[in-house]
Amino acid sequence: MQLTILPSEKGLAPDRWRAGTYQMTTDNGRRWSYHGMLDEPTPVVWTEWISSFRAATGFVLRQEAFAHMVGEGEIKSGTEPLFAWIRMSIREVNPLMSPDPCDIIFRINKPHLFPEMYLGRHCALRRTDALYPRKLSLELSEDKTGGLLIEEGDKVRLGVLPGQATRIYLEQPEGDEQDTRFHVVLPVEKGAYVDVLLPMIPESRELFQQEMELGRDVALARCNDYWSKRPATAATVDTPEKLVNDLILRNIQYGELIAQRMPGTDYITNLTGSMQYARMWATPTTMFDTMLLDTLGHFDAVGTYLEIFREHQGTVKPPGPSYDLHPGYLAGPEFIGTVNWLSDHGAILNAAAYHALISNDQKFVDRWLEPIVKAYEFTRDVRRRTNHEGIVGILPPAVATDQFVPTQATWNIGWHYRALATSLKLLERLNHPKAEAFAAEVEDYRETFIPAFREATRKMPTWTDDTGSVHHVIPTSLSAGGDITHGFYLDTGPMFLVYAGLLDATDPLMKSSVKFFREGPNWKTFDPYGTFEQPPVLIHELSSCEPPWSWNMFHSHQLGDRYRWLEAMYSLITGAHCRQTFVVCESRGGITGIAGHTTIYAVKLSVIDDFLEDDALHLLRLTPKAWLKSDYLTRFDNMPTIYGPVTLRFQLSEDGSTLDVAYNTDFHHPPKKVVMHTPPILGLNRIVINGKAHNVKPGDQIELSKGK
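Just so you know, the sequence shown maps onto residues 21 to 728 in our numbering.
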């Protein structure tokens, strides 16, 4: 069922003049309502209507909604009864007006919303195919202030708890109408409210009655208890910026909310998103695992979500004409509607090896070590294939993105290298007998790719920058089919190679690549008000196509370009995430309901960095000045690193001359060096670390002993 809640003018359908396909906007073009989240452990989303559709004039209608699962514990079957508690209330009334009673329409339809990636067609509705397929009837409570909507099989579809409603009535569709309209009328008095209970699927009267008797307040209290629990390995991030803290908190929750247990099976998977991407695309979902959940210490969840890949290793054919089934290939199983990119194998292998490193979970290592070796063997074997028209010694052409064109894409090549390098770290840690072979494969991979990539660059068109210097366009593929005008050229193109570890940010090709997107020829025709689907550029270091995939930030990270790094991180925080509910919008204007990942990882690396340099930990290297305050203790507690958890707390003195730092670790594999960087704070001349003073000036580095 699709449920739409709207205030109504005198009980009339507020969008009665609309037909066919339309957007959820008012007649002046803005969205129907305003949104945010309550300050509760439970994700409770509020929505408000103010002067919408000539209704709600003179008052503010507020909705607060949260989900409660019967039993409140962990999901065991995937079919546990799930209810939405929806409170509709009058938050404010204009004292100079006497508004009519508030008639709220609960419009009941067959699902007919279809999200797209375009702003102009995001969350459009097809009203011509929206009729709810089953007949509904209304049963009123004895005092007629509450009631149940009943459908065939004597199941409850929706209920209103008896209380402050003054009238409840049902309008059935007539003729060609597509809408069933359930009306709840509230007096326009500040604080007046009514509770509506919506089961995920129609439920029995007995179960529905039990949930009604439980009540909203008890249900919310139990949900708060559930959401307040944290694993012992979980990190805490507390900065002076509430937006950052809330973003961290809510994305931890989203990272697990957009996951599911497949009913009737033991399979559990996290999904790419909650609307159009309510399916499993392994490359982005495993990024949630590494950059979100592992980064914040939710290790058990990651181990659970990766298991489906281990169990189905070798069952999916890689997406390229030169490939066949291989026992080492990692991909999402077809029965969950996954999309098969060759990058998936690299992303899954990287996630498994990274999780083993950062969690130091021996049971996980024991379960995954053989699959990791088999996955390495897949990459080794396919690199030696000659039955393709691409460059031999490189991964044969395969699908890299949802353009579905098989190419020797930098996206596929980069992910496979990232995975091999991460796996090598794990095998070296374990003193595995195949570590030497892994190391040789990693080296040969680089030595084969880099000359081929430079040669491919020499064959590309040229462009001239603002200083008159001529550059070759950097290729996104080593074979035919690499599209340098599509938005994916930025999001899955050559800039990814720095994060992948194949090229350094200091390499002329990588400098040229970033420069292309910051000031190159695409800017000459770029329309800032156009769609995402145009030749891409960087806007305040954010991708013009898909903001979460702004790989340029890892160039700035490696170079220590503080200005560009923070510009990218804060652009992600405020431009890729909704600032009211903190979900990610994958493309500019559409595909919302995705958990954050790159943003979360960037927050960590700003303060505690185990990615910059092998066998080294860097502290406070790119920390925003906004997190260095005299009136606030900034805390990064129990932050996971591949060496073990690190706690870092810091606060400036009142005069700004001293930074007091508490630093503690529980290393399971200590790095060879630990470096604390002096932030560029004017007047800062001393850092006190665990009571020991160091005289410094901005830019100085303090090398700490490995475990202290």
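Honestly, the hints are just simulated from the structure, not real lab data. Please note that a few of the clues may not be correct.
Result set (BS3-like, lysine-lysine): computed pairs, CA atoms no more than 30 Å apart in a straight line [as the list claims (entries may be wrong)]: (1) Lys337 <-> Lys394; (2) Lys649 <-> Lys544; (3) Lys383 <-> Lys96; (4) Lys249 <-> Lys262; (5) Lys155 <-> Lys175; (6) Lys262 <-> Lys645; (7) Lys30 <-> Lys155; (8) Lys175 <-> Lys164; (9) Lys712 <-> Lys692; (10) Lys479 <-> Lys454; (11) Lys692 <-> Lys454; (12) Lys30 <-> Lys210; (13) Lys383 <-> Lys155.
So the derived label-pair ranges between C-beta atoms look like this [as the list claims (entries may be wrong)]: (14) Lys210 <-> Asp720: 51 to 61 Å; (15) Arg225 <-> Asp344: 52 to 62 Å; (16) His688 <-> Lys712: 43 to 53 Å; (17) Gly211 <-> Leu190: 23 to 33 Å; (18) His132 <-> Glu194: 17 to 27 Å; (19) Asp635 <-> Pro718: 34 to 44 Å; (20) His689 <-> Asp401: 28 to 38 Å; (21) Asn451 <-> Ser97: 34 to 44 Å; (22) Pro207 <-> Ala241: 48 to 58 Å; (23) Arg404 <-> Val425: 17 to 27 Å; (24) Asp634 <-> Thr487: 58 to 68 Å; (25) Tyr652 <-> Val65: 27 to 37 Å; (26) Val425 <-> Glu475: 41 to 51 Å.
The structure presented is a predicted model; accordingly, all values stated were derived computationally and were not measured. All C-beta atoms, glycine included, are put in the ideal place defined by N, C-alpha and C.
We went through each hint and held it up to the structure:
| no. | hint | verdict |
| --- | --- | --- |
| 1 | Lys337 <-> Lys394 | holds, 15 Å |
| 2 | Lys649 <-> Lys544 | violated, 42 Å |
| 3 | Lys383 <-> Lys96 | holds, 22 Å |
| 4 | Lys249 <-> Lys262 | holds, 21 Å |
| 5 | Lys155 <-> Lys175 | holds, 11 Å |
| 6 | Lys262 <-> Lys645 | holds, 15 Å |
| 7 | Lys30 <-> Lys155 | holds, 25 Å |
| 8 | Lys175 <-> Lys164 | holds, 20 Å |
| 9 | Lys712 <-> Lys692 | holds, 21 Å |
| 10 | Lys479 <-> Lys454 | violated, 38 Å |
| 11 | Lys692 <-> Lys454 | holds, 23 Å |
| 12 | Lys30 <-> Lys210 | holds, 19 Å |
| 13 | Lys383 <-> Lys155 | violated, 52 Å |
| 14 | Lys210 <-> Asp720: 51 to 61 Å | holds, 58 Å |
| 15 | Arg225 <-> Asp344: 52 to 62 Å | holds, 55 Å |
| 16 | His688 <-> Lys712: 43 to 53 Å | violated, 25 Å |
| 17 | Gly211 <-> Leu190: 23 to 33 Å | holds, 27 Å |
| 18 | His132 <-> Glu194: 17 to 27 Å | holds, 19 Å |
| 19 | Asp635 <-> Pro718: 34 to 44 Å | violated, 26 Å |
| 20 | His689 <-> Asp401: 28 to 38 Å | holds, 31 Å |
| 21 | Asn451 <-> Ser97: 34 to 44 Å | holds, 42 Å |
| 22 | Pro207 <-> Ala241: 48 to 58 Å | violated, 28 Å |
| 23 | Arg404 <-> Val425: 17 to 27 Å | holds, 23 Å |
| 24 | Asp634 <-> Thr487: 58 to 68 Å | violated, 35 Å |
| 25 | Tyr652 <-> Val65: 27 to 37 Å | holds, 28 Å |
| 26 | Val425 <-> Glu475: 41 to 51 Å | violated, 22 Å |
Of the numbered hints given earlier, the model fails hints 2, 10, 13, 16, 19, 22, 24 and 26; all others are met.
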